[in-house]
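Protein chains: 4
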Amino acid sequence: MRFFSDNAAAACPEVMEALAKANHVDTAYDGDSWSEKLDGAFSDLFGKQVRALWVTTGTAANCLGLAALCPPHGAILCHEMAHIEVDEAGAPGFYTHGAKLTLLQGHGAKVTPETVEEACASIRDDVHQVQPAALSITNATEYGLSYQPAEVAALGEAAKRRGLGYHLDGARFANAAAFTGADPADLSWRAGVDVMSFGFVKNGGMNAEALIFFDPATAEIVPRLRKRAGHLLSKGRYLAAQLLAMLENNLWLTNARAANAAAAALADACGPERLLYPVEANELFVRMTAGEAGTLRSQGYDFYDWGPGEVRFVTSWDQNMDDVSLLATAIRAL
Amino acid sequence: MRFFSDNAAAACPEVMEALAKANHVDTAYDGDSWSEKLDGAFSDLFGKQVRALWVTTGTAANCLGLAALCPPHGAILCHEMAHIEVDEAGAPGFYTHGAKLTLLQGHGAKVTPETVEEACASIRDDVHQVQPAALSITNATEYGLSYQPAEVAALGEAAKRRGLGYHLDGARFANAAAFTGADPADLSWRAGVDVMSFGFVKNGGMNAEALIFFDPATAEIVPRLRKRAGHLLSKGRYLAAQLLAMLENNLWLTNARAANAAAAALADACGPERLLYPVEANELFVRMTAGEAGTLRSQGYDFYDWGPGEVRFVTSWDQNMDDVSLLATAIRAL
Amino acid sequence: MRFFSDNAAAACPEVMEALAKANHVDTAYDGDSWSEKLDGAFSDLFGKQVRALWVTTGTAANCLGLAALCPPHGAILCHEMAHIEVDEAGAPGFYTHGAKLTLLQGHGAKVTPETVEEACASIRDDVHQVQPAALSITNATEYGLSYQPAEVAALGEAAKRRGLGYHLDGARFANAAAFTGADPADLSWRAGVDVMSFGFVKNGGMNAEALIFFDPATAEIVPRLRKRAGHLLSKGRYLAAQLLAMLENNLWLTNARAANAAAAALADACGPERLLYPVEANELFVRMTAGEAGTLRSQGYDFYDWGPGEVRFVTSWDQNMDDVSLLATAIRAL
Amino acid sequence: MRFFSDNAAAACPEVMEALAKANHVDTAYDGDSWSEKLDGAFSDLFGKQVRALWVTTGTAANCLGLAALCPPHGAILCHEMAHIEVDEAGAPGFYTHGAKLTLLQGHGAKVTPETVEEACASIRDDVHQVQPAALSITNATEYGLSYQPAEVAALGEAAKRRGLGYHLDGARFANAAAFTGADPADLSWRAGVDVMSFGFVKNGGMNAEALIFFDPATAEIVPRLRKRAGHLLSKGRYLAAQLLAMLENNLWLTNARAANAAAAALADACGPERLLYPVEANELFVRMTAGEAGTLRSQGYDFYDWGPGEVRFVTSWDQNMDDVSLLATAIRAL
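Protein chains in written order, with numbering that gives the first Met the number 0: chain A, 0 to 333; chain B, 0 to 333; chain C, 0 to 333; chain D, 0 to 333.
Keep in mind that the hints were calculated from the coordinates and are not lab data.
Don't take every hint at face value.
One copy or two, either will do: identical chains are not told apart, so a pair holds if it fits within one copy or between any two.
Computed cross-link-like contacts, DMTMM-like style, restricted to lysine to aspartate or glutamate with a CA-CA straight-line distance of at most 25 Å [as the list claims (entries may be wrong)]:
{"hint": "1", "residue 1": "K36", "residue 2": "D125"}
{"hint": "2", "residue 1": "K36", "residue 2": "D124"}
{"hint": "3", "residue 1": "K36", "residue 2": "E79"}
{"hint": "4", "residue 1": "K159", "residue 2": "E309"}
{"hint": "5", "residue 1": "K20", "residue 2": "D43"}
{"hint": "6", "residue 1": "K20", "residue 2": "D267"}
Note that the structure is a prediction, hence the values are computed from the model and not measured.
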C-alpha cells in the first residue's frame with residue numbers, strides 16, 4: 000500500500016478515455032481541435048479571458064512562466080524550500096538564462112508579505128545588486144499548507160508595491176482549491192497572480208500540465224519559448240485532451256477532494272503531536288521514530304523518510320479508502 | 000485524405016494498449032519498471048550496450064544530445080536545411096548555451112565528408128573563431144533522402160579526423176532503416192555515431208522519443224540536463240511503455256515500411272520528372288503547378304505547398320492504401 | 000615596418016596625457032567626473048541626446064548593444080564575413096543567451112536592403128523558425144569598404160519595414176567618417192541606427208571603446224548588463240578620459256584621416272588590378288603571389304597573408320609616411 | 000579626506016611608468032612581449048608553474064574562474080555575503096550559464112569546513128537537486144578578515160573530500176598576504192586552491208587584474224571564454240605591463256602593507272568596542288551613531304554608512320598618513 004508519492008498513482012479513467020477519443024488524425028503541434036479549446040475551457044474556469052498552454056511537466060510550466068516574468072539579470076523571490084529552488088535541478092536558472100533565486104524563510108514553506116518586503120528593502124537599487132523582478136509562491140505549499148485567498152492577495156499587494164511579477168506554482172493547486180473551497184479566481188488572478196502552473200499529473204493526469212497566463216500580453220513570447228525548450232509536442236492533442244477531460248464536471252476538484260480526504264483521515268489518526276504542519280492538502284509530515292516507521296513498513300505501507308524522526312505520507316486521487324483506514328489504525332496503534 | 004504530415008497521424012494500437020498496461024501505480028520519474036527496461040531493449044536492437052532515455056520531442060532529444068557533445072563556445076556543423084537549424088526555434092542555442100551552428104550545403108539536405116572537411120579547414124585555430132565540436136546529420140534527411148551505411152561511416156571518419164562528436168537526428172531513422180534495409184548498428188555506432196535521437200512519434204507513437212548514447216560516458220550528465228530542461232516526466236512509465244511496444248516485434252520497422260511503401264507508390268505515379276529528390280523515405284517533394292495542386296485539393300487531398308511550383312506529400316504508418324492508390328491515379332491524371 | 004594591424008599601434012600622446020590627468024582620487028565605477036561627461040560629449044558630436052557607455056573592447060560594445068536589441072529567441076541578420084560572426088568567438092551567442100546570427104552575402108562584406116528583405120521574407124512567421132529581431136552592419140566593413148550615408152539609410156528603412164533593431168559595428172567608424180566626409184549623424188541615427196559601437200582603440204586609444212545608444216530607452220538595462228558581464232571597471236575614469244581626449248578637437252577624425260591617407264597611398268601603388276576591393280578606409284586586400292609577398296617581407300615589411308595569393312595591409316593613425324612611401328615604391332617594383 | 004573605497008584611489012607611479020614604457024608598437028591581443036611574461040612572473044611568485052591571464056575587473060576574473068570549475072547545472076558554495084553573490088550583478092549566473100550559488104553563513108563573511116560539509120551533506124545526490132561543484136572563498140573577506148594559511152588549507156581539504164573545485168576571490172589578496180605574512184603559495188595552491196582572482200586595481204593598479212590557474216589544464220578553455228566574454232583586449236600589453244610593474248620588487252605587497260597600516264592605525268583609535276570585526280586588512284566596520292558619523296563628515300572625512308549605527312572605512316595604498324592620524328584623533332574624540 001503506497002503512500003509515497005502522488006506521482007506514482009495511475010491516470011484516471013476519464014483521462015484514458017480522452018486519449019482514446021483523441022486518437023485520430025488531426026493537425027499537428029497545437030493547431031488541433033483539442034488544443035484550440037484550452038483557452039476557452041480555462042477561461043470558463045477562471046471567469047476571465049486567459050491564455051492556457053499545455054506542457055508535460057510542472058518544472059517546464061513553472062520555468063516558462065518565470066522566464067516570462069523575470070529577465071536574465073533579475074531575481075525571483077521564493078521560499079527557501081520552494082520546489083523551484085530545491086527540486087528542479089536548476090531549471091529556473093536554465094530557462095531565465097541565469098536569473099537568481101532570492102530565498103525567503105517561513106513556516107511550512109509559506110511566504111508572507113513581510114518577508115517579501117524585507118527582502119526587497121535589503122536590496123540596494125544599483126547595478127551591483129540583482130534587482131527583484133518576480134515573486135513565486137507554491138499553493139498548496141511543499142509542506143502541505145494551503146494559502147487562503149486573502150493570503151494570496153496580501154502577497155499580491157506586496158508584489159505589486161515592488162513592481163514584481165507574481166507566479167504561482169500550482170502543482171497541487173487542486174488540493175489547495177479543494178481544501179479552501181475557494182473560487183480558483185480568488186486564489187489566482189483576483190489575488191494578483193500573473194502566471195500559474197496548474198498541476199494535473201499528480202491529480203490523475205498522465206502527462207499534461209497547464210500553464211496559465213492571466214494577462215495574454217505576458218504570454219506573447221511563451222509559445223516561442225516553449226518550442227525553443229523542446230516542449231512543443233508534435234501531437235499536442237493528447238495533452239489537451241487530458242486537460243479538457245479533467246476540467247469537465249470539475250473532475251480535477253473531485254480527484255483532489257478524494258486525495259485530501261484520505262490525508263485528513265490519516266491526519267486525524269496522527270493527532271496534532273505527531274504532525275509537523277497542519278494537513279491542508281494531500282501531504283502529511285509526521286514525527287515518527289525509525290522503529291515506528293519500521294513497524295508500519297513491515298505491515299506493507301510504503302512512504303518516505305523525511306529526515307531524522309520524520310516521515311512523509313502522500314495520498315492520491317485513487318487512494319483506496321480501506322487502505323487508508325488500515326494505515327490510520329496502524330498509526331494509532333504505534 | 001491527408002498527406003501533409005506524419006505528425007498528424009494517430010498513435011498505433013500497440014501503443015494505446017501499452018499505455019493501458021502501464022496504467023498502474025509505479026515508481027515515479029524514470030525509476031519505474033518500464034523505464035528500467037529501456038537500456039536493455041535498445042541495447043538488444045543495436046547490438047551494443049547503450050544508454051537510452053525517453054523524452055517527448057525530437058527537438059529535446061536532438062538538443063540534449065548536442066549539449067552533451069558541444070560546449071557553449073563550440074560549433075556544430077550541420078546542413079543549412081537541417082531541422083535543428085531551420086525548425087527548432089533556436090533550441091540548439093538554448094540547450095548548448097549559445098553554441099553556433101555552422102552551415103553546410105549539399106543536395107537534398109545531405110552532407111558529405113568533403114563539405115565537413117572544407118568547413119573545418121576554413122576555421123582558424125585561434126581564440127577568435129568558434130571551433131567545431133560536433134557534426135550533426137539527419138537520416139532520413141529533411142528532403143526524404145536516406146544515407147546508406149557507407150555514407151554515414153564516411154562522415155564518421157571525417158568527424159573523427161577533426162575530433163568532432165557525431166550526432167544523428169533520427170526523427171525518421173525508422174524510414175531510413177526500412178529503405179536501406181541496413182542493420183541499425185551500421186547506420187549508427189558502427190559508422191561512428193556517438194548520439195542519436197530515434198523518432199517514434201512520426202511513426203505511430205503518441206509522445207515518446209528515444210535519445211540514444213552509444214558511449215555511456217557521454218550520457219553521464221544528460222539525466223541532469225533532461226531534468227534541468229523540465230523533460231523528466233513524473234510518470235515516465237507512459238513514455239517507456241510506448242517505446243517498448245514499438246520495439247517489440249520490430250513494430251517500428253513495420254510501421255516505417257508501410258509509410259515508405261505508400262510514398263513509393265506515389266513516387267511511381269509522379270515519375271522522375273516531377274520529383275525534386277529521389278524518394279527514399281516517406282516524404283515526396285514534387286514539382287506541381289498551382290493549378291494542378293488545386294485540382295488535387297478539390298478532390299479531397301490535403302498536403303503542403305513547398306515553394307512556388309512545389310508541393311510536399313508525407314505518408315504515415317497508417318496511410319490508407321486505397322487513398323494512396325486514388326491519389327496516385329489522380330496525380331497521373333494531371 | 001609593420002602593416003599588419005591597427006591594434007598593434009601605440010596609444011596617441013593625447014590619450015596618455017589624459018590618463019595622467021585622470022590619475023587622481025575620484026568616485027569609483029562610472030560615477031566619476033570624467034565618465035559623467037560622456038553622454039554630453041557624444042551628444043554634442045551626434046547632434047542628439049545619446050547615452051554613451053565606455054567599455055574596453057569592440058566585442059563587448061557590439062554584444063551589449065545586440066543584447067539590447069535581440070531576445071534570446073531572436074535572430075540578428077549580418078554579413079557572413081561580419082566580425083560578430085567570424086571573429087568574436089561566439090560572443091553574440093553568449094551575450095544574447097543563444098540568439099542566432101542569420102548570414103547575408105554581399106561583395107566586400109557589404110549588406111544591401113535587398114539581401115535583408117530576402118532573408119526576412121524567407122522566414123516563416125511561426126514558432127518553429129527563429130524570427131529576425133535586428134540587423135547589424137559594419138562601417139567601414141571588414142574588407143575596408145565604407146557605406147555612404149544613403150546606403151546606411153536605405154538599410155535603415157529595410158530594417159524598419161521588418162521591425163528590426165539596427166546595430167552598427169563601428170570598430171572603424173572613424174575611418175568611414177573620414178573617407179565619406181559625412182556627418183556622424185548621417186552615418187548613424189539619421190539613417191535609422193539604434194545602437195553603435197564606436198571604436199577608439201584601433202584609432203589611437205589604449206583600451207576604451209564607446210557604446211552609443213541613440214534612444215536612451217533602449218539603453219536602460221545596459222548598465223546592468225555591462226556590470227553582469229564584468230565590464231564595469233572600478234576605475235572607469237581612465238576609460239572616459241581616453242574617449243574625451245579623442246573627441247576633443249576631433250582628434251578621432253584627424254587620426255583616422257592619417258590612417259586612411261597612408262592606405263590611399265598604398266592603394267595607389269597597388270593599382271586597381273591588385274586590389275580585391277576599393278580602398279575606402281585603412282585596410283587593403285591585395286592580390287600578391289607568395290614570391291612577391293616574400294620579397295616585401297625580406298625588405299622588412301610585416302603584413303598578414305589573407306588566403307592563397309592574397310595579403311592584407313592595415314595602416315594606423317601613427318603610420319610613418321616615409322615607411323609608407325618606401326612600401327609603395329617596393330610594391331610598384333614587384 | 001576620503002576613506003570610502005580603495006577603488007577611488009589613483010594608480011601608483013610605477014604603473015603609470017609601465018604604461019608609458021609599453022606605449023609602442025607590439026603584437027595585438029595577448030601575443031605581445033609583455034603579456035608573454037605573465038606566466039613566468041606569477042610562476043616565480045607562487046613557486047609553481049601557473050597560467051596567468053590579465054582581465055580588467057575582479058568580476059570577470061572571478062567568473063571566468065568559476066566557469067572553469069562549475070558546469071551550468073552545478074552549484075558554487077560561497078558565503079551569503081560573498082562579493083560574487085552580493086555585488087556582481089548576477090555575473091556568476093551569466094558566466095556559468097545559470098549555475099546556482101548555494102549560500103553559507105559565518106562570522107565576518109568567513110566560511111568554515113563545517114559549513115561546507117553541512118551544505119554538501121544536505122544535498123541529495125539525485126537529478127532533482129543541483130550538485131555542488133565548487134567552493135569559493137574571499138581572502139581578505141568582504142568584512143576585512145584574513146584567512147590564515149591553515150584555514151585556507153582546511154577548507155581545501157573539505158572541498159577535496161566532496162570533489163569540489165576551489166576558487167579564491169583575491170580582490171584583496173595582497174592585504175591578506177600582508178596581514179598574515181604568509182607565502183602566497185600557502186594561501187593558495189599549497190592549500191588546495193585551483194583558481195584565484197588576484198586583485199591589483201584596489202591596490203594601486205589602473206585597470207588590470209590577474210586570473211591565476213594553478214593547474215594549467217583547468218585553464219585550457221579560459222582564453223576562449225575570455226574572448227567570448229569580450230575581455231580579450233586588443234592592446235593587452237597595457238594590462239600586462241601594469242601587473243608586471245606591481246610584481247616587481249613586491250610592490251603589490253608594499254602597497255598592501257601601507258593600506259593595512261593605515262587601517263590598523265584607525266582600528267587602534269576605534270578600539271574593540273566599536274569594531275564589528277577585527278581589522279585584518281584595509282577595511283573597518285565600525286559602530287558609530289548617526290550623530291558621530293555626522294561629526295566626522297563635518298570635519299571633512301568621507302566614508303560610507305553600513306547599516307543603522309554602522310559605518311565603513313577603507314584605506315588605500317596611497318592613504319596620506321597625516322590624514323589617518325587626524326581621523327584617528329577625531330574618532331578618539333567622539
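Now the hints, each set against the structure:
no., hint, in the structure
1, K36 x D125, "between (45 Å within a copy, 20 Å between copies)"
2, K36 x D124, "between (44 Å within a copy, 23 Å between copies)"
3, K36 x E79, "neither (37 Å within a copy, 36 Å between copies)"
4, K159 x E309, "neither (38 Å within a copy, 31 Å between copies)"
5, K20 x D43, "within (22 Å within a copy, 34 Å between copies)"
6, K20 x D267, "neither (41 Å within a copy, 35 Å between copies)"
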